[in-house]
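**Student:** Chains A and B, in that order, give the protein sequences.
Reading the first sequence from the start, the letters are residues 122 to 204 in the working numbering.
Reading the second sequence from the start, the letters are residues 122 to 204 in the working numbering.
Among the clues, some could well be false.
Copies of one chain are not kept apart here, so a pair can be met inside one copy or by any two copies together.
Stated by the list, open to error - Think about it this way: if two alpha-carbon atoms lie no more than 25 Å apart in a straight line, the pair counts; the simulated SDA-like pairs of lysine to any residue are:
(1) Lys132 x Gly185
(2) Lys149 x Gly202
(3) Lys132 x Arg154
(4) Lys132 x Asn165
Source of the hints: derived by calculation from the structure; they are not laboratory data.
Number of protein chains: 2
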Amino acid sequence: MHALRCEAELKSERVARVVYESVLPDVKLMPARRSRVDIDRRGNNIQIEIRAEDVSALRASASGVFRLLALSERVITTVLGDV
Amino acid sequence: MHALRCEAELKSERVARVVYESVLPDVKLMPARRSRVDIDRRGNNIQIEIRAEDVSALRASASGVFRLLALSERVITTVLGDV
Chain A
122 MHALRCEAEL KSERVARVVY ESVLPDVKLM PARRSRVDID RRGNNIQIEI RAEDVSALRA
182 SASGVFRLLA LSERVITTVL GDV
Chain B
122 MHALRCEAEL KSERVARVVY ESVLPDVKLM PARRSRVDID RRGNNIQIEI RAEDVSALRA
182 SASGVFRLLA LSERVITTVL GDV
């Protein structure tokens, strides 16, 4: 399993934009030795593409990206209330 | 983040078929209280759709499914050598 393409559906375009802009710096800082992460936003969906040399690196990157997305969405939803 | 659609690209259709058939029973057994996981296969790609009530449930299900996929792919690649 060397490539994973995911689309995360967020509650609104506003939340998606803030989540995307919040996680982008961290995604760019993710180590790129064994995997590469690309992230994009379209409307209220965030697209993630991960390519890796092996399945462990793929899982580690996927887990890291989802942790960033989940945390930032939780912060935003808490700050902005039900958006 | 209440829905996640992923497509995992496996090395070959054969590996994808064996991985899919290996993980399907476990995916069906995954608790469905706060999230629902659907999995399908097309060629050498495995499609995963996860819907959840909250982002923590979504992350837990995603992590669980990727662990199953990663483990089964590793077993198959080890057994069948470089397929």
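**Student:** Now, for every hint given, state plainly whether the structure supports it.
**Tutor:** Checked hints:
1. Both within a single protomer and between protomers do Lys132 and Gly185 lie at most 25 Å apart by alpha-carbon distance, with minima of 21 Å and 23 Å respectively.
2. Taking CA atoms no more than 25 Å apart as the test, Lys149 paired with Gly202 passes in neither setting, with 28 Å inside one copy and 34 Å between copies.
3. Within a single copy, Lys132 and Arg154 get their C-alpha atoms only as close as 33 Å, which misses the 25 Å cut-off; across copies the closest is 20 Å, which meets it.
4. In this homomeric assembly, Lys132 and Asn165 come within 25 Å of each other (Cα to Cα) only inside a single copy, at 7 Å, whereas the closest approach across copies is 31 Å.
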